[in-house]
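Residue strings, one per chain:
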Amino acid sequence: DAKTTQPNSMESNEEEPVHLPCNHSTISGTDYIHWYRQLPSQGPEYVIHGLTSNVNNRMASLAIAEDRKSSTLILHRATLRDAAVYYCILSLRGGADGLTFGKGTHLIIQP
Amino acid sequence: SQTIHQWPATLVQPVGSPLSLECTVEGTSNPNLYWYRQAAGRGLQLLFYSIGIGQISSEVPQNLSASRPQDRQFILSSKKLLLSDSGFYLCAWIQGGKDGYTFGSGTRLTVV
Numbered sequence: 008d009a010k011t012t013q014p015n016s017m018e019s020n021e022e023e024p025v026h027l028p029c030n031h032s033t034i035s036g037t038d039y040i041h042w043y044r045q046l047p048s049q050g051p052e053y054v055i056h057g058l059t060s061n062v063n064n065r066m067a068s069l070a071i072a073e074d075r076k077s078s079t080l081i082l083h084r085a086t087l088r089d090a091a092v093y094y095c096i097l098s099l100r101g102g103a104d105g106l107t108f109g110k111g112t113h114l115i116i117q118p
Numbered sequence: 020s021q022t023i024h025q026w027p028a029t030l031v032q033p034v035g036s037p038l039s040l041e042c043t044v045e046g047t048s049n050p051n052l053y054w055y056r057q058a059a060g061r062g063l064q065l066l067f068y069s070i071g072i073g074q075i076s077s078e079v080p081q082n083l084s085a086s087r088p089q090d091r092q093f094i095l096s097s098k099k100l101l102l103s104d105s106g107f108y109l110c111a112w113i114q115g116g117k118d119g120y121t122f123g124s125g126t127r128l129t130v131v
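If you're matching them up, the sequences are chains A and B in order. The number in the numbering used here is simply the position in the first sequence, starting from 1, with 7 added. The number in the numbering used here is simply the position in the second sequence, starting from 1, with 19 added.
Certain hints may be false.
So, partial list: chain A residues that the calculated Cβ filter (under 8 Å) puts toward chain B [said to hold, decoys possible]:
#1 P47
#2 Q49
#3 Y53
#4 R65
#5 A67
#6 S68
#7 A70
#8 T107
#9 H113
Simulated from the structure, these hints should not be mistaken for lab results. Glycine included, every Cβ here is placed at the ideal spot set by N, Cα and C.
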């Protein structure tokens, strides 16, 4: 799987938007961009995924650069429950042979 | 609805003892099943995955093995645990047409 680069940690204030960046300069044309998050002592949770176009769901939005070499996960209004490690992962859709998790971004939400 | 069960939640085992962790999925058929491990302070590492009964792919050579005796059952085993086997073990599943993986609640294994 192609590699992604994320900041180790980010801080944000409660009720403000959060933009989590991810660089993936070696992405291939068939790679989907997946985002998962992991709360302390829990398994990862699927957040969103996309290929070329921006995507929205009830949890977040995914903004994908035109050249697909970077993407941004957007939490529109952060709550304390959004404090987690966020992973940006590249894989063929669904990743049937498993996903490769990096170290992710530790998101800290200040009240 | 689809659910994934993983047990036990925590386990403390002595070095050299055997291990058996079980994962079952309900509400679906023929899922892809996965075992991941997360060592303390580190990322998730894919250990095994299975696309069907009796079909196991190993990602990392180690002291562990996996089996899939039934369509919705995935078992992680070891004959003799090592201290380095300590970690947070997670089972996950996915199926065609589904957006993302669903992970179990995990088993925290401490080998002493």
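Checked hints:
1. P47: Hint on P47 of chain A: violated, closest Cβ of chain B at ~11 Å, above 8 Å.
2. Q49: holds (7 Å)
3. Y53: For Y53 of chain A, the interface hint holds, since the closest Cβ of chain B sits about 3 Å away, which is under 8 Å.
4. R65: violated (12 Å)
5. A67: Hint on A67 of chain A: violated, closest Cβ of chain B at ~12 Å, above 8 Å.
6. S68: violated (15 Å)
7. A70: Violated. Min distance 18 Å.
8. T107: holds (7 Å)
9. H113: violated (11 Å)
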